[in-house]
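Chains A and B, in that order, give the protein sequences. Positions 86 to 416 (our numbering) are the ones given, in order, by the first sequence. Positions 3 to 187 (our numbering) are the ones given, in order, by the second sequence.
Some hints could be false.
Pairwise CB distance ranges, derived in the manner of DEER restraints [what the hints assert, rightly or not]:
hint : chain 1 : residue 1 : chain 2 : residue 2 : range
1    : B       : G63       : A       : R142      : 17 to 27 Å
2    : B       : E161      : A       : L152      : 22 to 32 Å
3    : B       : G23       : A       : C88       : 24 to 34 Å
By construction, these hints were calculated from the structure, which means they are not laboratory data. Quick caveat, the model's predicted, so the values are computed rather than measured. Don't be surprised by glycine CBs; every beta carbon is placed ideally from N, CA and C.
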Amino acid sequence: MTCHEARELLSALVDDALGAAERDALDAHLAACVDCRRDLQRVRDTVALLRAVEPARAPAGFVDRVLEATRPASWPRRLLRALFFPWPVKLPVEAAAVVLVTVGVVYLYQATPELQQAARLESPAPTVAEAPRAATPQPSERSFEKKDAPAPSRARAENVQRPTDSRDTSGDTEQRRDRQNFQRDAEPAPSAGTVAGGKTEAPPARSGRVLETRESQAPAAPESAADALKARRQAATPPTAASFAPPDVSGGLAVNDRDAALRALAELVARLGGVEDRRHSGPEGSIVELTIPREAYAEFARELARLGRWQPTREPTELPARVRIGLRITG
Amino acid sequence: MEGRTGDDSHLVDRLRRGDPGAFEDLVIAYQHRVFSVALRMLGSRAEAEDLAQEVFVRVHGAIAEFRGDAKLSTWLYTIASRLCLNRLASSERRMIREGEETLTRLASSHASPAAELERSELETALHRAIAELPEERRIVVVLRDLEGLSYEEIAAALELELGTVRSRLHRARMDLKEKLERFLP
């Protein structure tokens, strides 16, 4: 081994990082070479100086600054952990919350049109003087109604015999849905059990003249505003108008001949033992409020469907003994 | 550092479990060593603090990827070394170096003039000698003689062959021996 080769290994010798063969060869050279032994000592002294250097210390507050720097990067993980862990507990709770919110939204969505309808039906402000006239039709009207309107027994017979496929002839999905809803709601009524399946066929309505109830309604108003409007109207009307409360059942009836329909309606109400409370006619249609016994409601609804395209907008399952009905007749 | 292996394995377990205090403990345990490497390599305390902070930010983001094949300390030195070399190699850093003397910045980086005066001539000479080493030799001698890493750990941190580590360390020490000759007994 030459001195040059020996000096190349001195640093590794200081670190005891030589292999056995290299170590033996270097030891043999050092034993015979004074200069290389001196160089080895210089290397050892140099390394000792380096290792005596006092280690640098991070400045004060360094840890806080690092933690602050890492905090923004870690918040999504903390957010996810807070939202989903422990998942066996939080996921079912979150799912139940979603269901509750969905049910609440659907309920509010369905409740709002009813409030609008209640406010709309009260808006014509009919006079009390019209009620007796509507409740007791004139003889001429009565004879006309007898000629055009079907006899009650005949209507019932047709309802029973007419197959349910009559529903398919309308081709109107919304009308079919309304009928099905009415059928479901009418089943608890005692007289509806045997004829509930026999749906009457609605006459073809002239769609261009049919006033869709919701389209004719005023813009949606908050529940509180509707209540306030109702309160103002009640305060402005005579005390005898106790029936200004929203009717139990309301809806629209689109007919071809409005006058004929009004006459037939008066005949029907009288035959079922009901009374027409008030009537108001305008260029866009007629508003009729009437009351019939609960037992006669199912038949009333069927006959109403024969008069025109009946679209109930409010038809609760539970009806009072005296059912107050508000109709908007257009055509 | 070798004696910390047991502590590190416990710390790594806590980090993997998401122990909220584990990362803070990691920073506390390694802040001075990481900062020291950065200071010896970059020469500026402000720049060293900035780089050391970047090291821990990277560790924080990648702790889930640490497989535990190497020691936690080696992993930290690996990140610190690479960031130092990358910064030294950047064009921005080279422009700075051309405009000012690195050792002057190192000497003026201490807290007060009084403290600066108290620094021994030997210490100044040591820092100057280390700072004047080529970067690839400087990082090896810093990791070996100032931080105490083994040849194998240095080879792993810098992705070098053992022979290359030994050779670079030898060259670095020979340079330092010549520059510190007057301080040797």
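24 to 34 Å as the expected CB spacing between C88(A) and G23(B), which holds or is violated | Violated: the Cβ-Cβ distance is about 57 Å, outside 24 to 34 Å.
Hint check for R142(A) and G63(B) - Cβ pair distance inside 17 to 27 Å | holds (25 Å)
At the C-beta level, are E161(B) and L152(A) separated by a distance inside 22 to 32 Å?
-> holds (30 Å)
The structure fails hint 3 only (numbered hints given earlier).
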